[in-house]
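Please build the complex by placing chain B on the supplied structure of chain A, with the hints as guidance.
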Amino acid sequence: MHKFDEMYAQLPSVDSAVRPHYRNYLDWLKRQDPQAMHGRREEAEMIFRRVGITFAVYGDKDEDGSGTERLIPFDLIPRIIPAHEWRDMQKGLVQRVTALNRFIHDIYHDQEILKAGIIPREQVLNNAQFRPEMMGVDVPNGVYSNISGIDIVRAPNAKGEGEYYVLEDNLRVPSGVSYMLEDRKMMMRLFPELFSQHRVAPVAHYPDLLLETLRASGPSTTDNPTVVVLTPGMYNSAYFEHAFLAQQMGVELVEGQDLFVKDSFVYMRTTRGPKRVDVIYRRVDDDFLDPRVFRPTSTLGCAGLMDAYRAGHVSICNAVGTGIADDKSIYPYVPQMIEFYLGEKPILNNVPTFQCRKKEDLDYTLANLDKLVVKEVHGAGGYGMLVGPAATKAEIEEFRQVLIAKPEGYISQPTLSLSSCPTYVESGIAPRHIDLRPFVLSGKHVQMVPGGLTRVALKEGSLVVNSSQGGGTKDTWILEV
Amino acid sequence: MLSRTADHLFWMSRYTERAENTARLLDVNYQTSLLPQSAEVAQQGWQGLLSISELLPSYQALYGDITPERVMEFMVKDENNPSSIISCLRAARENARAVRGSLTTEVWETQNQTWLELNRMLKSGAFERDPGQFFEWVKFRSHLSRGVTVGTMLMDEALHFMRLGTFLERADNTARLVDVKFHAVEHDFFGQTQGKEQDHDFYHWSAILRSVSGFEIYRKVYRDVIQPERVAELLILRADMPRSLHACLNEVVSNIAMVSDDRSRESYRRAGKLCAEMEFSRIEEILANGLHAYLTQFLDRVNEIGASISREFLVPN
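Those protein sequence lines, which keep their order, are chains A and B.
So the first sequence is numbered by the numbering used here: it starts at 16 and just counts up by one.
So the second sequence is numbered by the numbering used here: it starts at 5 and just counts up by one.
These are computed hints drawn from the structure, not numbers from a lab.
For glycine and all other residues, C-beta sits at the position ideal for the given N, C-alpha and C.
The reader is advised that the hints may include incorrect statements.
Output of the computed footprint for chain B on chain A, the stretches with three or more beta carbons under 8 Å from beta carbons of chain B [as the list claims (entries may be wrong)]:
#1 58 to 67
#2 272 to 285
Heads up, incomplete: computed chain A residues facing chain B, CB under 10 Å, no partners named [unchecked claim]:
#3 Val244
#4 Met249
#5 Tyr254
#6 Phe259
#7 Leu260
If we strip away everything but chain A, and leave its shape as in the complex, we get:
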C-alpha cells in the first residue's frame, strides 16, 4: 500500500493501523465476495449509461464513431473524512471564500490591497483575468463568487502528519457537483446496508441550497427573481450537470439563443411571449457572455447582457471577472488576503509556491525541475503542467525551454505526496491518489453541504485527477465516528 493512505495509517496487514473512521467499512469490505463486488461495478456502469451521466470529450470518437460521450469512472470504495476534520475544513473554507470575495470587490473598487503593497499592482492590473469592465460595478451582497470549488488535498506536513492543503481555487464556473450527488445516489442504491451501519452526512439538499443562494443574489428590481441556468449547449462537456441542476432546481435551462436584451432588461423567448430573467447561473465563460463586450464571434451568450448587468437589472452568477482571484499567479497571496481583509490567521494551508516571474524563484525552479510541479498560471484541467518526479529527462528539458521563454506564465510547487485511497483497478484493489472539491455557496451567507467531490487518479502513481485525463470519482463520506 501507498506510504500515505486515507484508509491505512501504516501497513495494511496490521489491522490496528487502519484509521478509526475506516474500521467499520473495512470490516464490511472484507466480508464481501469479490465476484459480487465486480458485479456491482458493472451494474453501476450500466445505470450511469442508461441515465446518461456522461461527459463529452472534445475531438474524441467512440470506437463505433457514434459519439463523444464518456462515463466518468465511478469507484465503489468511498473516501471517508472524520466529522471533526470536516468541521475544521469547513471553517477554513468559509474564511477563505469570504476573503476571496472581499478581494474581488476590492480590486474592482478601491484597490486597498494594491495600495497597501501586498500584491504588486501590475500583477493584478495586467492580468488577462482582470476585467476593467467591472470597475465600480456593484453586485448583490458584494459577492462575486457565489459558487466556489476549492480543490483540497491531504498530504504529510514537515512532521509527517496528514494535513489539508488548498491546491487551487475555482471561482469561475466550477463543475463536478452533479457527480457528487449522483455518486451518493449510486452508493445508496448499490449498498443500502452500508448507510444503515454508518452515519454518513447527507448531501442531497445541494440543489436547494444552490437555489436559495441564487435567489438571494437577485437584482434589486424584483423580490421574486426568475432564475435560469445558462448552458453553452448539449455538446459542452458538462452539459449533463447543467441540465441536472436546472431540473433539480425547477428552473429553465437556457442557451444564448433563448435570451435577448431589450431596454437593458434580459428576456427569454417562451411559447407565451417574452419573459423577464433576473438571475443567470451561467455555465459559460466570461469571454462568451456578450459579443458586444467580449469575444465578438460568440454565439453562446447574449448581446447587450453586460449593459443590463451593469444597470443592475440582472445578476450573473458567478459575477464577471472572478478569474482575477483564482489565477495561479494570485494564489500565493490568498493567506495574506485573509489577514488583510479579515484580520484572521488562515485556517487552511496553501501549498508553498514559487513565482517564476521572480528571478530567485525562477532560478530555484530551474535547478529543481525534477522535484517540482510546474503549472501554467492560466492553465486548467491538468493541461500545460509538468510533474517533475514523473517526467522523463526529455520532457523536463522541453519544459525548461518553455519556462525560460515565458517565466511569468508559470508557478512551481514542491511535489506533495498526495494521499491515496484504496480503489478498484484491473488487478484488484490498489492505492490511487485523490483530491477533494467541496462546493462553497455564497449568497446572503456562506454555506455548503458536507463533503464534496472526491476525484481519483486512476493511473498508477499519477497525481492528475482531472476527468479529461482519465480521472474517476468516489463518493465522499463525512462520518461521525
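This is chain B only, laid out in the frame that chain A set:
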C-alpha cells in the same frame, strides 16, 4: 415554457413517431415479400416504400437497383438517410437530451435506452438475423415512449407539444401511406378496382391495414370482406381509428387548443378548419374527386399547420 424547449419536445415526438411508421412500413413490405408474388410486384412494393418518404432519388444515387436487402439497409441503418430508423431514433434522442431537464426521468431513460439498445442490436447483427423481430422492437419502443410520456409527464404545455408532434407526424405518415398504396393500384384511385385478381387485392389491402394495426379493426367495424373504399374510409375519416387522419387531426386540434392564447390563434384556426371539414366529409365525395388530389392537398395543409406552430410557438422571432 422556453420556445426552444417546446421545439425540441415537438421534434423528439415527431422523430419517435416517424421511426415507428418507418418500421411499420418496412415490416409490412417484408411480410408481403414472403408471399408468392411476381418480381415486378415485389419491386413495386419496395419502390413504393421509397416514394412514400420521397427518398427514391437519393436511394438510387447511393444504391442503384432496388433490392429488398438494400432498401431495408437504407431505411434502417443508413445514417445518410435522414428518414432511416437510426437517423430518426438518433434525432429523437438528441432532442430529448437537449431538454432532458424538462422530461421525467422515465421519459428520458426510455429515449436513451432505445438509442443504446438500437446500437447494440445493429452492431450484433440482430436486425439481419430477424428483421421482423427488429421492426416489432422499434414499434414497441415507440409504444413504450408514448405510454411513459402520457403516464408520467405533468399535463402541461410540455406534454401538449409532445402530443402535437406525435399526431402531426402520424397524420403525415398515414396520408403518405394511403396515397402510395392506393396509387400503386391505379394511376389515381376513384373508388373502384379494375382487372386485378381478387386474391392479390386481398393481400394488398390487408397489408395496408396491418401496417397501421387496422386489420382486426376493419373486420370489427365493417364485418365484411375487404373493399378498398372502406379501407380508405377507415384510414381517412373514421375518428375512432387511432391512426386515421381524422383521429390525428382531432388530437392536433385539442392539443393546440391547450397551448393557444390570444397571440397565437392561426395554428388553431387552420387545424380546426381542416378537422371540421373531415368531420363532415363522405368518402364517396373524396373518391369522386380523386384520392391522390385529396391527399396531396391534405399533406400541404398539415405541412402548413406545422409551419404555423413553428412560427407561433417554437421558433418565434
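Here is what the structure says about each hint:
1. Beta-carbon proximity to chain B at under 8 Å applies to 4 residues in the segment 58 to 67 of chain A; the threshold of 3 is reached and the given coverage holds.
2. A stretch counts as covered by a chain when three or more of its residues have a beta carbon under 8 Å from one of that chain; for the segment 272 to 285 of chain A and chain B the count is 5, and the coverage holds.
3. A hinted interface residue such as Val244/A counts as satisfied when its beta carbon comes closer than 10 Å to some beta carbon of chain B; here the least separation is about 8 Å, so the hint holds.
4. Against a cut-off of 10 Å between C-beta atoms, the interface hint on Met249/A holds, since the closest Cβ of chain B lies about 5 Å away.
5. At a threshold of 10 Å, the smallest CB-CB gap from Tyr254/A to chain B is about 8 Å, leaving the interface hint in force.
6. The interface hint given for Phe259/A holds, since its Cβ lies 7 Å from the closest Cβ of chain B, which is under the 10 Å cut-off.
7. Evaluation of the Leu260/A hint against chain B yields a held restraint, the C-beta minimum of about 9 Å falling below 10 Å.
Against the hints set out earlier in the document, no violation occurs for any number.
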